[in-house]
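Colleague: Sequences listed follow chains A and B, in order.
Quick note on numbering: the first sequence equals residues 11 to 163 in the working numbering.
Quick note on numbering: the second sequence equals residues 11 to 163 in the working numbering.
In case anyone wonders, no lab produced these hints; they're calculated from the structure.
Treat each hint with caution, since some may be false.
Because identical chains cannot be distinguished in the list, a pair is counted as satisfied if it fits within a single copy or across any two copies.
[As the list claims (entries may be wrong)] Okay, derived cross-link-like pairs now, EDC-like style, lysine to aspartate or glutamate, Cα gap no bigger than 16 Å in a straight line: (1) K151 / E60; (2) K117 / D23; (3) K160 / D58; (4) K19 / E101; (5) K155 / E122; (6) K19 / E30; (7) K151 / E101; (8) K155 / E101.
Note that the structure is a prediction, hence the values are computed from the model and not measured.
2 protein chains.
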Amino acid sequence: MSPAPTDQKLYLDDIAVGQEFLSREQRIEADQIVAFATEYDPQPFHTDAEAAQATFFQGLAASGWHTMAITMNLLVRSVPFAHGIIGAGGEISWPRPTRPGDVLHVKSKVIEIRPSQSKPDRATVILESLTYNQDGEVAQKLVSKLIAFKRER
Amino acid sequence: MSPAPTDQKLYLDDIAVGQEFLSREQRIEADQIVAFATEYDPQPFHTDAEAAQATFFQGLAASGWHTMAITMNLLVRSVPFAHGIIGAGGEISWPRPTRPGDVLHVKSKVIEIRPSQSKPDRATVILESLTYNQDGEVAQKLVSKLIAFKRER
């Protein structure tokens with residue numbers, strides 16, 4: 011399983027339970043961790059490497075929402091749904107923090123397909139996306155509800 | 011209920027089911043929507059106001075993860091847990107998109123407190139956070155699992 015070519019366009023008809031998608035890798039640096047957190051999650055364990063030592067995280071850690079944002083960037087480029095990655099919501103957890111210098115990639119798998127009751131042209135696709143670091147550890151688990159559309163006829 | 015003063019520091023002992031927190035307001039502009047999405051969610055409905063017209067969103071819409079990131083910024087400043095807002099995970103949904111010029115605020119409520127089985131100094135606090143726009147519509151619902159600590163004695 012290698013990263014999907016970008017010219018693929020998957021309609022609902024092309025998506026099946028069990029189907030997998032592998033992203034490319036993306037490295038996260040300390041200055042990016044601090045910049046994201048300064049704007050969106052201004053807490054010492056995300057913005058100040060020295061102050062972070064005495065916190066729950068015992069050192070600088072990325073905001074979970076930064077790990078999520080990078081995951082989204084990797085998903086957009088690896089899960090080629092024809093109308094895009096349109097999420098109604100999802101469940102997220104962080105088994106461990108993302109650290110400066112970590113190199114992340116995302117493996118996604120279609121878990122379930124729920125046809126819409128009211129709109130026959132679409133379905134909710136339940137996609138599980140695991141974000142791994144360079145040591146093969148799971149930094150984030152996301153189960154998202156995506157809207158996928160049938161091919162126009 | 012007015013925004014919490016910033017000098018409060020809530021330990022587990024100070025947190026009760028039903029307790030509420032109100033954030034200040036934060037406005038989101040089109041250029042911020044495009045900048046966030048260009049880096050983290052590069053899809054036409056988030057990055058190109060003209061191309062967005064022909065999409066599911068029928069106009070420029072913020073990435074849901076941008077709405078979440080702004081929500082986190084508002085949470086950090088309105089939910090004064092003594093050790094910070096440390097999340098193990100949560101559930102998120104977006105009943106409607108955030109649009110350019112929207113002014114968001116967040117109302118949070120403690121739903122449940124689950125004492126840790128293994129670590130007597132802490133508990134998981136289940137916090138529901140609703141992100142409202144200027145029309146009083148819910149743009150995002152987040153139910154997060156936060157770690158709160160007892161006061162050191």
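Colleague: Each hint should be assessed against the structure and marked as holding or not.
Modeller: Here is what the structure says about each hint:
| no. | hint | in the structure |
| --- | --- | --- |
| 1 | K151 / E60 | neither (28 Å within a copy, 34 Å between copies) |
| 2 | K117 / D23 | neither (21 Å within a copy, 40 Å between copies) |
| 3 | K160 / D58 | neither (48 Å within a copy, 24 Å between copies) |
| 4 | K19 / E101 | neither (25 Å within a copy, 28 Å between copies) |
| 5 | K155 / E122 | within (10 Å within a copy, 25 Å between copies) |
| 6 | K19 / E30 | within (15 Å within a copy, 45 Å between copies) |
| 7 | K151 / E101 | both (8 Å within a copy, 12 Å between copies) |
| 8 | K155 / E101 | both (9 Å within a copy, 11 Å between copies) |
Taken one by one, the earlier hints fail for this structure at numbers 1, 2, 3 and 4, listed in ascending order.
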